[in-house]
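Here's the letter readout for the chains.
There are 4 protein chains.
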Amino acid sequence: MQFELSSRGQDVLERVKAFIRDHIEPVEPAFWAEVRATNPSGDWQHWKVPTILEDLKNKAKEQGLWNLWLPDAELGAGLNIQEYAHIAEQTGRSLLAPTVFNCNAPDTGNMEVLWRYGSEEQKKQWLSPLLAGEIRSVFFMTEPDVASSDATNMQATAIIDHDEIVLNGRKWWSSGVGDPHCKIGIFMAHTPNEGRGRHHQHSMVLVPLDTPGVKIERMLPVFGEYDAPHGHGEVSFTNVRVPISNFIVGPGEGFAIAQGRLGPGRIHHCMRCIGAAEKALELMIDRGTQRVAFGKPVINLGGNLERVADARIAIDQARLMTLYAAWKMDTYGTSGAMTEISAIKVIAPNVLQQVVDMAIQIHGGAGVSQDTPLTGFFIQARSLRLADGPDEVHKGVIARIELAKRNTGETKSK
Amino acid sequence: MQFELSSRGQDVLERVKAFIRDHIEPVEPAFWAEVRATNPSGDWQHWKVPTILEDLKNKAKEQGLWNLWLPDAELGAGLNIQEYAHIAEQTGRSLLAPTVFNCNAPDTGNMEVLWRYGSEEQKKQWLSPLLAGEIRSVFFMTEPDVASSDATNMQATAIIDHDEIVLNGRKWWSSGVGDPHCKIGIFMAHTPNEGRGRHHQHSMVLVPLDTPGVKIERMLPVFGEYDAPHGHGEVSFTNVRVPISNFIVGPGEGFAIAQGRLGPGRIHHCMRCIGAAEKALELMIDRGTQRVAFGKPVINLGGNLERVADARIAIDQARLMTLYAAWKMDTYGTSGAMTEISAIKVIAPNVLQQVVDMAIQIHGGAGVSQDTPLTGFFIQARSLRLADGPDEVHKGVIARIELAKRNTGETKSK
Amino acid sequence: MQFELSSRGQDVLERVKAFIRDHIEPVEPAFWAEVRATNPSGDWQHWKVPTILEDLKNKAKEQGLWNLWLPDAELGAGLNIQEYAHIAEQTGRSLLAPTVFNCNAPDTGNMEVLWRYGSEEQKKQWLSPLLAGEIRSVFFMTEPDVASSDATNMQATAIIDHDEIVLNGRKWWSSGVGDPHCKIGIFMAHTPNEGRGRHHQHSMVLVPLDTPGVKIERMLPVFGEYDAPHGHGEVSFTNVRVPISNFIVGPGEGFAIAQGRLGPGRIHHCMRCIGAAEKALELMIDRGTQRVAFGKPVINLGGNLERVADARIAIDQARLMTLYAAWKMDTYGTSGAMTEISAIKVIAPNVLQQVVDMAIQIHGGAGVSQDTPLTGFFIQARSLRLADGPDEVHKGVIARIELAKRNTGETKSK
Amino acid sequence: MQFELSSRGQDVLERVKAFIRDHIEPVEPAFWAEVRATNPSGDWQHWKVPTILEDLKNKAKEQGLWNLWLPDAELGAGLNIQEYAHIAEQTGRSLLAPTVFNCNAPDTGNMEVLWRYGSEEQKKQWLSPLLAGEIRSVFFMTEPDVASSDATNMQATAIIDHDEIVLNGRKWWSSGVGDPHCKIGIFMAHTPNEGRGRHHQHSMVLVPLDTPGVKIERMLPVFGEYDAPHGHGEVSFTNVRVPISNFIVGPGEGFAIAQGRLGPGRIHHCMRCIGAAEKALELMIDRGTQRVAFGKPVINLGGNLERVADARIAIDQARLMTLYAAWKMDTYGTSGAMTEISAIKVIAPNVLQQVVDMAIQIHGGAGVSQDTPLTGFFIQARSLRLADGPDEVHKGVIARIELAKRNTGETKSK
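Protein chains in written order, with the working numbering: chain A, 173 to 586; chain B, 173 to 586; chain C, 173 to 586; chain D, 173 to 586.
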């Protein structure tokens with residue numbers, strides 16, 4: 173065993189850290205202030221992205237700090253999942269950084285789908301501008317009317333009608349759909365096919381957002397936060413027609429693609445949570461050492477120092493587990509890391525939620541305001557406990573694997 | 173021992189329940205929709221209260237369901253703290269109901285201060301319109317620049333200058349200050365007095381909001397929610413001058429008044445939390461029985477039924493503890509219920525936070541939106557863990573009492 | 173509502189406290205030392221009860237502090253369940269006290285069964301000497317070969333053969349069977365009866381321990397503690413024959429009797445847990461204030477004072493809940509207190525386990541030895557989380573009731 | 173990063189697993205049955221070790237599975253700390269295995285002290301027979317009369333008197349002192365030296381157990397379990413005289429040696445906890461799938477499957493953290509792994525305690541008996557939360573390091 177990051181990864185990591193420190197952190201308060209001033213929640217049709225974001229993206233691109241998540245050495249940085257995981261942690265310390273490096277969800281997942289499964293035509297039309305950071309994308313998965321934790325509940329339909337696909341349905345929590353640069357979506361829907369099994373009844377279809385019949389009904393707040401200029405939309409699809417070439421891979425391949433899509437994305441999400449938790453812990457310690465109550469720094473009162481230790485312990489364990497999951501994916505593929513992927517999907521957001529809760533408590537009233545990134549981190553954590561499979565579903569996966577091990581007499585050796 | 177509510181209390185309770193069911197619940201969705209449509213967060217200077225609220229208030233007043241929190245039989249309903257606690261639980265099930273019955277914070281606390289400690293002149297000028305529900309009020313306590321959990325940190329000043337008091341300082345989390353009907357504040361500040369002890373260095377001063385030098389700097393969101401049309405303000409006071417008769421009781425009496433103010437208010441807050449937790453549990457069960465995943469109602473999956481039981485157990489314990497605290501206050505006064513008041517201040521918001529977290533999880537994406545009252549309840553719980561003394565301060569109070577008991581050889585007998 | 177104990181209950185309570193303080197506590201260390209010296213675990217066939225116990229029992233009887241659990245005013249003290257609950261708390265502070273007052277499990281439960289359901293003959297032969305404290309009894313319920321949390325799993329049989337009942341089967345965790353004074357058991361077993369429903373297939377049968385075919389196979393330690401001279405036995409029954417008059421009520425009535433038996437017994441168990449938790453908290457504070465580390469009393473280090481508060485909060489809530497359950501049983505019967513009885517059965521042992529764990533931690537090595545009652549309390553708590561229905565079964569009961577409430581539209585009002 | 177065990181480590185690991193499976197597991201029930209039958213707790217002066225243990229040790233020695241913990245390639249197996257950690261996990265699955273491989277505490281720690289710090293004479297006299305498994309040893313550290321979590325509290329004295337050292341004091345939790353083969357102890361005591369700092373006031377002194385003045389006062393049970401034939405003694409030292417050459421290193425060097433002693437030992441303890449937790453989880457699943465209640469395997473009821481997942485998640489995180497701590501020790505030394513060592517010392521025993529608690533609950537009554545290793549594992553976990561620094565002390569270490577990082581502006585990068 174060897175826990176040192178490769179020198180290749182270490183080099184990129186150091187440059188990312190320097191970039192965040194030198195270029196992102198200094199402008200971030202102004203960025204969010206401008207976002208809040210110019211993007212009223214009630215007027216999401218006219219949201220604007222502060223222009224400084226493009227400057228930052230160009231600067232990052234110039235430095236080669238771009239599409240770092242993509243293992244392809246030409247299109248991306250040639251890092252494996254585990255090496256990139258360290259980068260994702262750093263970008264997770266800031267709510268702005270992932271976008272600057274073109275490493276933000278859901279675009280990375282959508283790009284990964286196109287990169288792995290897209291036709292040449294699809295790649296040319298949509299992957300290229302996404303990789304260039306010129307447009308943004310959305311993933312239409314969750315539905316308001318069913319329990320989406322069971323994906324087979326999906327009601328939206330993608331029906332073949334000669335050389336077109338007809339899309340109908342209603343999706344929500346379509347993240348990023350409010351961004352003025354968002355142009356393309358991947359629509360997951362039911363394409364009934366009696367001849368095939370239950371995991372071949374769903375398709376992924378590319379749908380340009382300006383196709384007739386696509387309508388953003390409203391933006392959804394998360395605990396009151398609209399996440400402008402990104403947004404989470406509720407979107408209706410009424411007899412939306414796209415060419416049959418817009419299937420990714422083909423009809424009925426949606427679940428197979430989804431499996432591939434979610435693995436690395438979960439590593440990214442979790443490592444960003446860990447970075448955010450580190451940042452929250454730092455804020456907690458800084459605030460707690462600077463403020464005095466009852467004659468002592470707040471951090472020295474009651475059980476606060478134990479909470480610092482609890483946070484450190486929880487974060488370090490979650491990080492190791494996520495890096496181990498990444499390494500297993502690199503080494504054995506997603507199917508060789510099922511327990512670990514589900515485990516980190518439970519752990520990382522929960523650890524972030526707990527650490528943020530402690531940090532809020534030390535901050536007092538400032539902690540629940542938007543004067544710190546803490547509420548943003550909280551919302552990220554709380555939402556992620558539901559997105560990409562709620563905690564309970566992942567625990568179910570883990571338990572089933574454990575029981576199967578005992579049935580087959582396997583002994584845990586690693 | 174006898175756990176049955178008095179027939180007097182039972183009668184009012186039943187009428188309150190009927191009123192909420194018949195008059196408030198049916199209009200509440202429309203009320204909040206109108207609030208959201210007409211009160212953009214960025215324009216708090218022009219927030220408006222939907223007119224239906226006045227109708228509801230008048231209807232409640234007509235039915236005698238008015239100022240129920242006030243033990244005075246003429247001005248209020250003549251209920252003791254414990255009897256009113258049952259009412260507060262019911263109003264806590266709705267985010268609108270407390271205001272309808274003129275039983276909402278911070279007005280109840282401010283009215284209680286004026287009722288107990290105000291001069292006849294102060295009562296006439298401010299208590300009367302507050303009791304009539306014609307105006308609203310604010311309590312200027314917490315400050316942005318110090319750890320307000322230790323009230324002696326307070327930096328705002330109330331200095332006597334001949335027959336005037338000069339107020340300076342900056343306050344935040346001044347709840348209700350955004351309401352267009354909010355006219356009067358109680359300002360807590362330092363009035364140095366070398367001759368007296370450290371608990372006689374602070375005063376409460378009445379300050380009309382239109383006094384020159386009072387400036388609302390901004391409204392503070394809580395996890396992104398501005399709580400319009402009520403709002404939580406950051407307010408600066410620059411050489412604000414009010415007549416010396418605006419001291420409540422007199423200079424240096426702030427802490428003594430604060431002690432009296434906080435007791436019953438904590439019972440109200442906690443019982444509202446319990447009502448909210450009951451509502452959250454109901455929503456959780458209803459959602460969990462209506463939605464199906466993996467072939468079963470969601471509520472039957474994994475550990476969900478155990479969570480229902482955990483919620484029931486936690487809520488029932490918190491309710492009994494709060495009612496016991498109320499009974500002790502009724503029987504022995506606030507000073508005879510120190511442990512119990514601090515205990516419920518820790519328990520009730522934490523129970524609400526936990527039950528809401530479970531309920532959100534069962535709701536999936538809907539749980540973090542504003543389509544249910546869950547995020548509102550969460551914000552209430554999370555804020556209350558900081559307001560009126562953070563959890564840790566109350567635990568400190570309880571622990572000190574426990575250690576003192578052992579030192580004096582007292583044996584716990586109740 | 174009124175939380176004061178009745179004067180009748182208060183009087184007995186004070187006398188019990190005085191008796192424990194004056195007569196039991198002073199001799200308890202010597203009592204247990206003698207037990208340990210004279211009752212080696214490997215030689216349970218010759219266990220002896222220190223003679224001082226009889227002296228204490230006689231003294232208690234003389235003072236009328238005897239059979240206080242029995243609501244019957246002539247045979248017992250005429251206290252209702254809730255009044256006696258306060259007594260049970262006090263006796264729970266000592267591992268010896270319950271026996272001194274003839275209020276110990278499982279004898280109370282067995283006496284209650286005989287008192288409520290026994291024939292005159294059965295009462296004369298067995299209830300009288302039990303009430304007099306002359307003999308002790310055992311309840312043969314749990315079986316080693318099945319999951320006894322589901323009572324219908326029971327494999328032991330009680331078959332009618334003319335005017336006799338033939339008992340076969342194997343029971344364990346038969347508590348008290350090692351006591352040299354233990355003479356009679358209640359044997360719960362399957363008596364197949366095709367004509368009746370699944371809850372009328374089991375019987376309770378009186379079986380004198382000296383009946384041929386009854387064999388104590390071994391004594392079971394609990395975490396290494398044999399609980400001498402009381403003991404928990406594994407007992408085999410091979411063609412044991414008793415007269416048909418030994419059925420309690422009659423064949424097939426076992427479940428009905430069991431329901432009645434368990435209600436008050438759970439109150440007793442839970443209140444004793446609460447008393448034990450109070451004692452553990454006292455020990456924790458005393459030790460933590462007397463020992464110094466890193467220049468401070470241990471109780472002031474880290475989060476220890478918060479733990480004191482957590483313990484106080486948990487204990488007070490558990491006590492109120494148990495007293496409420498008792499009051500509901502007194503007022504509405506066992507069937508009117510289903511949620512509350514299951515709730516306390518979960519809460520009280522868990523609170524005790526947690527408080528003891530904290531107290532052990534403050535004690536260091538002494539905490540895990542037998543120099544304090546802490547390990548005894550731990551064993552009591554840990555065992556009780558399994559006995560009389562494990563936590564999970566009780567949570568299931570509570571959840572089912574909650575779901576039923578929503579189905580019938582009932583609103584929680586109390 | 174690379175999470176695969178080296179082939180050298182993998183080879184030994186596989187042989188250890190085979191040895192445990194083939195030679196230890198088959199005889200273990202008989203071993204403990206004989207221990208219990210022949211070592212009554214009250215007669216520890218005559219405890220005997222079943223002879224089969226020597227057979228097993230010889231067999232292990234023949235296979236080269238001996239002193240695997242010792243990094244020295246000649247005396248031990250030449251494994252680094254991290255490689256050996258995997259072995260320790262396997263031996264932790266059994267309460268007997270560590271001794272078979274001569275890898276049991278406290279002998280490993282004592283041997284390590286002698287190996288690193290002992291004089292040639294000391295090595296010849298004591299290290300050689302210990303490495304050969306011919307004798308056993310004890311570490312006299314904890315004292316009954318002070319809070320030993322603060323080692324400077326120590327009251328025992330080691331005073332130089334010409335060419336002798338005079339030892340006085342009382343120690344307890346002297347583990348292994350009851351073993352008939354236990355011949356030598358390391359006695360830690362105060363050797364006042366005004367000229368040196370507070371961490372040079374304590375010495376380690378070798379004391380043969382048959383030296384006049386050494387008296388085992390009693391054996392201490394842990395939750396009633398005496399841990400025969402090993403035992404935990406309370407031992408008094410009255411004017412015990414040993415030659416001055418019995419100082420290890422020299423007077424005043426006790427703390428420096430202790431630091432070195434504890435690092436690897438904590439890795440061993442923690443990995444054994446992880447192995448025990450794995451075993452407990454397996455027992456839990458096996459029992460839960462074999463027993464049926466309410467028509468389903470117990471493991472499928474309520475939240476049990478979520479508990480399986482919780483256990484898996486907690487164990488895997490704890491293992492990774494411990495392996496990481498080991499790797500840091502191998503790479504940067506103990507002083508480079510302070511946070512990690514303290515973290516695992518908190519995590520591993522707590523995870524074991526929690527997993528065992530769940531496993532006990534699934535087992536019902538069998539879980540608290542000694543029919544499974546669960547109570548043994550529980551006792552191991554609960555004791556270890558106190559030994560080698562209680563949880564709270566380690567959390568304090570971690571918190572201090574975190575605060576120092578922020579003061580020096582260090583950013584967490586690994």
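Bear in mind the hints are in silico, worked out from the structure with no lab data behind them.
As the structure is a prediction and not an experimental result, all values here were calculated from the model.
Among the hints, a few may not be true.
No copy labels: a pair is met if it fits in one copy or bridges any two.
Below, simulated BS3-like cross-link-like pairs (lysine-lysine); rule was C-alpha separation at most 30 Å, straight line [said to hold, decoys possible]:
#1 Lys-295 x Lys-577
#2 Lys-468 x Lys-233
#3 Lys-468 x Lys-296
#4 Lys-577 x Lys-387
#5 Lys-387 x Lys-189
#6 Lys-577 x Lys-233
#7 Lys-468 x Lys-229
#8 Lys-355 x Lys-468
#9 Lys-355 x Lys-229
#10 Lys-220 x Lys-468
#11 Lys-355 x Lys-577
#12 Lys-577 x Lys-296
#13 Lys-468 x Lys-577
#14 Lys-296 x Lys-355
#15 Lys-468 x Lys-387
#16 Lys-387 x Lys-233
#17 Lys-189 x Lys-233
#18 Lys-387 x Lys-231
- Message: Regarding Lys-468 and Lys-229, is the shortest C-alpha distance of 30 Å or less found within a copy, between copies, in both, or in neither?
- Response: neither (44 Å within a copy, 47 Å between copies)
- Query: Is the C-alpha distance from Lys-387 to Lys-189 at most 30 Å within one copy, between copies, in both cases, or in neither?
  - Reply: neither (40 Å within a copy, 41 Å between copies)
- Query: How would you label the pair Lys-355, Lys-468 (within, between, both, or neither) given a Cα cut-off of 30 Å?
  - Reply: This pair counts as neither: shortest intra-copy Cα distance 54 Å, inter-copy 38 Å.
- Please work out whether the CA atoms of Lys-387 and Lys-233 approach to 30 Å or closer within one copy, between two copies, in both situations, or in neither? Answer is neither: 33 Å inside a copy and 46 Å across each miss the 30 Å cutoff.
- Message: Cα distance capped at 30 Å. Does Lys-577 pair with Lys-296 within a copy, between copies, both, or neither?
- Response: Classified as neither: same-chain Cα gap 45 Å, cross-chain 48 Å, threshold 30 Å.
- Message: Reference check for the pair Lys-355 and Lys-229, CA-CA at most 30 Å: within, between, both, or neither?
- Response: Intra 18 Å, inter 49 Å, cutoff 30 Å: intra-copy only.
- Between the shortest in-copy and the shortest cross-copy C-alpha distance, which are at most 30 Å for Lys-296 and Lys-355: within, between, both, or neither? within (14 Å within a copy, 63 Å between copies)
- Query: Quick one: Lys-468 to Lys-387, C-alpha cut-off 30 Å, is that within a copy, between copies, both, or neither?
  - Reply: This pair counts as neither: shortest intra-copy Cα distance 56 Å, inter-copy 32 Å.
- Measure nothing new, just compare the shortest in-copy and cross-copy C-alpha distances for Lys-468 and Lys-233 to 30 Å and report within, between, both or neither. Neither: 47 Å inside a chain and 49 Å across chains, both beyond 30 Å.
- Lys-295 and Lys-577: within-copy, between-copy, both or neither at 30 Å Cα: neither (41 Å within a copy, 47 Å between copies)
- Item | Identical-chain pair category, Lys-577 with Lys-233, by Cα at 30 Å | neither (47 Å within a copy, 32 Å between copies)
- Intra- versus inter-copy proximity for Lys-387 and Lys-577 (alpha-carbon distance at most 30 Å): Neither way: Lys-577 and Lys-387 sit 48 Å apart in one copy and 40 Å across, limit 30 Å.
In summary, the structure is inconsistent with hints 1, 2, 3, 4, 5, 6, 7, 8, 10, 11, 12, 15, 16, 18 from the numbered list given earlier, while agreeing with the others.
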